[in-house]
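Enquirer: Here the protein sequences come in this chain order: A and B. Residues in the first sequence are numbered from 1 upward in steps of one, following my numbering. Residues in the second sequence are numbered from 1 upward in steps of one, following my numbering.
Derived from the structure by calculation, the hints contain no laboratory data. Don't take each hint at face value.
Claimed, not checked - Distance ranges between label pairs, derived from CB positions:
id: 1; chain 1: A; residue 1: Ser450; chain 2: B; residue 2: Tyr116; range: 57 to 63 Å
id: 2; chain 1: B; residue 1: Asp197; chain 2: A; residue 2: Ser442; range: 45 to 51 Å
id: 3; chain 1: B; residue 1: Glu113; chain 2: A; residue 2: Phe455; range: 52 to 58 Å
id: 4; chain 1: A; residue 1: Pro453; chain 2: B; residue 2: Ala163; range: 47 to 53 Å
id: 5; chain 1: A; residue 1: Glu379; chain 2: B; residue 2: Ser81; range: 31 to 37 Å
id: 6; chain 1: B; residue 1: Pro80; chain 2: A; residue 2: Arg517; range: 38 to 44 Å
id: 7; chain 1: B; residue 1: Glu176; chain 2: A; residue 2: Ser452; range: 51 to 57 Å
id: 8; chain 1: A; residue 1: Thr457; chain 2: B; residue 2: Glu176; range: 49 to 55 Å
id: 9; chain 1: A; residue 1: Tyr514; chain 2: B; residue 2: Lys179; range: 45 to 51 Å
id: 10; chain 1: A; residue 1: Tyr514; chain 2: B; residue 2: Leu122; range: 36 to 42 Å
id: 11; chain 1: B; residue 1: Tyr116; chain 2: A; residue 2: Glu309; range: 20 to 26 Å
id: 12; chain 1: A; residue 1: Glu309; chain 2: B; residue 2: Ser81; range: 26 to 32 Å
id: 13; chain 1: A; residue 1: Leu503; chain 2: B; residue 2: Ser259; range: 55 to 61 Å
Positions of the beta carbon are idealized from the N, C-alpha and C atoms, including for glycine.
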Amino acid sequence: MSRATETALVREGRSSYEGAAATAIGLSGVVFAVGLGTLVDVLKITPPAAGVQLSTAMGIALLSLGVGVIGFGLASRLGYVDTRPQPSAGIVAAVAFTCVWFAIGALVAGAIGLGTVSWMAVGLVAGAVAFAVTAFPREDIGSTLPAGSVAVLGGVALATGVIGPGWEWVLVSYNATLFGDTAVPVVVMFASLLTGWAAAKAYGGFGARGRNVGAYVLIYLIVLSILSVLVGLVAFVVVKGLPGLFHGFSIGGEQVISWPFLTNGASLLADVAGVFPALVGTVWLVIGAVLFAVPTGVGAAVFLSEYAEQGRFTQVVEVATNGLWSTPSIVFGLFGAAFLIPRFGNNKSLIAGMLTLGFMLLPLVLITSREAILAVPDEYRDASAALGVSKWKTIRSVVLPAAVPGITTGVILGVGRIAGETAPILLTTGGGVLPGKSAAPSVLGGFQVSASPPFVTNPSLLEATSALPYQLYALITAGLSGNIEAPQQFAWGLALTLLLVVLVFYAIGIATRYYFRKKLHQ
Amino acid sequence: MSQTDPVDATDEMNRTAGQTISTTDGETAEETRSEWVDYDTGGKTKLAVKDLDVHYSDDHALKDVSMDIPEQSVTALIGPSGCGKSTFLRCLNRMNDRIRSASINGTVELDGEDIYQDGIDLVELRKRVGMVFQSPNPFPKSIRANVSYGPRKHGDIETGLLARLTGRADPESEEELVKRSLERAALWEEVSDRLEDNALGLSGGQQQRLCIARCLAVDPEIILMDEPASALDPIATSKIEDLIEDLAQDYTVVVVTHSMQQAARVSDQTAVFLTGGELVEYDNTEKIFEDPESQRVEDYISGKFG
Chain A
1 MSRATETALV REGRSSYEGA AATAIGLSGV VFAVGLGTLV DVLKITPPAA GVQLSTAMGI
61 ALLSLGVGVI GFGLASRLGY VDTRPQPSAG IVAAVAFTCV WFAIGALVAG AIGLGTVSWM
121 AVGLVAGAVA FAVTAFPRED IGSTLPAGSV AVLGGVALAT GVIGPGWEWV LVSYNATLFG
181 DTAVPVVVMF ASLLTGWAAA KAYGGFGARG RNVGAYVLIY LIVLSILSVL VGLVAFVVVK
241 GLPGLFHGFS IGGEQVISWP FLTNGASLLA DVAGVFPALV GTVWLVIGAV LFAVPTGVGA
301 AVFLSEYAEQ GRFTQVVEVA TNGLWSTPSI VFGLFGAAFL IPRFGNNKSL IAGMLTLGFM
361 LLPLVLITSR EAILAVPDEY RDASAALGVS KWKTIRSVVL PAAVPGITTG VILGVGRIAG
421 ETAPILLTTG GGVLPGKSAA PSVLGGFQVS ASPPFVTNPS LLEATSALPY QLYALITAGL
481 SGNIEAPQQF AWGLALTLLL VVLVFYAIGI ATRYYFRKKL HQ
Chain B
1 MSQTDPVDAT DEMNRTAGQT ISTTDGETAE ETRSEWVDYD TGGKTKLAVK DLDVHYSDDH
61 ALKDVSMDIP EQSVTALIGP SGCGKSTFLR CLNRMNDRIR SASINGTVEL DGEDIYQDGI
121 DLVELRKRVG MVFQSPNPFP KSIRANVSYG PRKHGDIETG LLARLTGRAD PESEEELVKR
181 SLERAALWEE VSDRLEDNAL GLSGGQQQRL CIARCLAVDP EIILMDEPAS ALDPIATSKI
241 EDLIEDLAQD YTVVVVTHSM QQAARVSDQT AVFLTGGELV EYDNTEKIFE DPESQRVEDY
301 ISGKFG
């Protein structure tokens, strides 16, 4: 009856083992998060908490995690718990641990001060041992012992203060110094990633289920770190930029809301210098680019996917479009400066910037629109044709509405890119470093009707205009020494404004997409 | 005209050399006889198909098919997969034109007018010959918009801002058309209180009846159905079958089906296509199912083949 026990669906007597493993996973997660926090400077490793330095505490945690993980492996190998390990941890794990231990061996040997040949040899030996330990024993040992040992080693190094707050390592050939407040979080995060993975495998009882749980934990921890990098980046700009953005901000009074940073220019007379001209410039640039690129891009996509014969021609267009999308923005800017500016009054102008950014946006709109149109099921086209509806009417009333969410996604992505472009604006739109409020383009009010061709003119489209990314760049190159108080604060406020403008465009795009999706499916 | 061994010996005595058609790959399964397909439908002929021949690139999908389809009746097309029955159906409203590799020879006469002649108005043709597809394919729009889609696009109903401004908007006639079409498709009762809901929220059977209503809204004379119930459960299928029988009082219905029972239940006459794109037998449905002339048809119907 051995087969019956081997294939039992319910494993018994593992609740305490699973509980311990779950605790280890949780602890790994916490340690990983703390490591992440110290890396992005939210937490400091130096100040002692409850009499213990944070790095020492994390070292002890790592040490216990490492010992625990090795314990899980041993308990499973010695048969104290009912698990389903496979014969080997697998080639991927073996190669990964070989690399990890080669690096550890080489670093340790190098830190002790052995010569080139020696550290290489130590690394190779460590890697070979790790490979053997991972590949040859059963999976429960193979995936816990190498991982646990990394944590034990790292934990000992942190707990004993070998690597700690005061630690530094001069990397001679790189002309750089590695400090403890970088090294500690790196060690902590890496080791806790490994123990989390190994503990998750133990929790799942190794085998297919264990690998599944292990992969989940690994993916979650990596997603956590990616998210925290994003959040950290945005939070950094927000914290630095808020004082500038809200300088002189008040609610109440005559204007109800007074927000001088957004409504003032940067003149000497203004109490609070503001970014109004650049803000308006950026908004108009984006609007102009979208107005130019969306109709042309969608039109071209309709032609390529509905009318053109799929073949050599469409392939060439596709390659060309992809190439255009990856063309560096400075090249677009140069084109705008050399081709557009002579045709629009030989000055840097708003319209030259709009068109240049429109050219940049065009390929992405074309690519995503084309894909969105191709993704519309042929059943819709057939149904419409069978009702006797012509091709163009079908495209207009069935295909394009069904493709709108996809097209919007492309426009959102593209706007995110062009709103922050500096190089093309630098070359085509220009504008002052610290423009006064009167320098803001008034496009809507600028239209003038005349009796002679071209009948309608708009001087503000033909004037050089500042834009947020350009002004930021200009401020930095001007050494932040303009005629305003607290230029540093002004610049960070400017950066935050740019970020917010892009986010607002995103929000508009996402709301549009949501609206059309809802219309299609409800 | 070469002839190899016949599959079925019992028919050998009836055979004369001139009536044998060999397939392109040289295998002659069994003869097809012109009198088996020369069925005099009795009623007024709505569609007269003569020597219809369809190739997809090198693939000979339909071979010299000729048949008359009488008006206000249900004609079932049955046969195994890949026998060309759907191809035949799609020739009747020129939907095969949409496949670039297809080349079509022969004539299809709708009320005596060849629909494959030059200068035919495809819009007008497809308004007169409607089609319902195998899997329900309503547009991702509201139920009302699905039904009124065809008339709107043809300009029979004017909606929108301009129509309202010029006083040509006629919400009552649209309302009435939607109601009439949905009632005719036996769907009105189920959806009358939620015409503005998205059609994709309906069940499969309801979606298919909506597609029928959408087709009826342009007021066709002929309705082509390509396995209209194959993606549906038995209850929805029986509703569609009832509907087909009912529609035959006013329309000429041509229905492709995989289900022999369905063909037997709903159709007045049945055409059997067998592998290779041949029309083997075309006759009164009762005759086909009870006493077919062709041995191969009998084998197919009794489930020995196909």
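Enquirer: The structure should be examined with respect to each hint, and the outcome stated for every one.
Expert: Each hint tested on the structure:
Between serine 450 of chain A and tyrosine 116 of chain B, the C-beta spacing of about 59 Å keeps the proposed range 57 to 63 Å intact. Between aspartate 197 of chain B and serine 442 of chain A the beta carbons are some 46 Å apart, a value that agrees with the proposed interval 45 to 51 Å. A beta carbon spacing of about 53 Å between glutamate 113 of chain B and phenylalanine 455 of chain A agrees with the range 52 to 58 Å that was offered as a hint. The hinted range of 47 to 53 Å is not satisfied by proline 453 of chain A and alanine 163 of chain B, whose Cβ atoms lie roughly 37 Å apart.
Checked against the hint of 31 to 37 Å, the C-beta distance between glutamate 379 of chain A and serine 81 of chain B comes to roughly 20 Å, which is inconsistent with it. For proline 80 of chain B and arginine 517 of chain A, the Cβ-Cβ distance of about 41 Å falls inside the hinted range of 38 to 44 Å, so the restraint holds. At about 56 Å, the beta-carbon gap between glutamate 176 of chain B and serine 452 of chain A stays in the expected band of 51 to 57 Å. Between threonine 457 of chain A and glutamate 176 of chain B the beta carbon distance is about 53 Å. The supplied range of 49 to 55 Å therefore holds.
A beta carbon spacing of about 33 Å between tyrosine 514 of chain A and lysine 179 of chain B contradicts the range 45 to 51 Å that was offered as a hint. A hinted range of 36 to 42 Å holds for the C-beta pair tyrosine 514 of chain A and leucine 122 of chain B, which are about 38 Å apart. The hinted window of 20 to 26 Å between tyrosine 116 of chain B and glutamate 309 of chain A holds, with their beta carbons roughly 23 Å apart. In this structure, glutamate 309 of chain A and serine 81 of chain B meet the distance hint of 26 to 32 Å, their C-beta atoms being roughly 30 Å apart.
For the hinted restraint 55 to 61 Å between leucine 503 of chain A and serine 259 of chain B, the CB-CB distance of approximately 57 Å keeps it satisfied.
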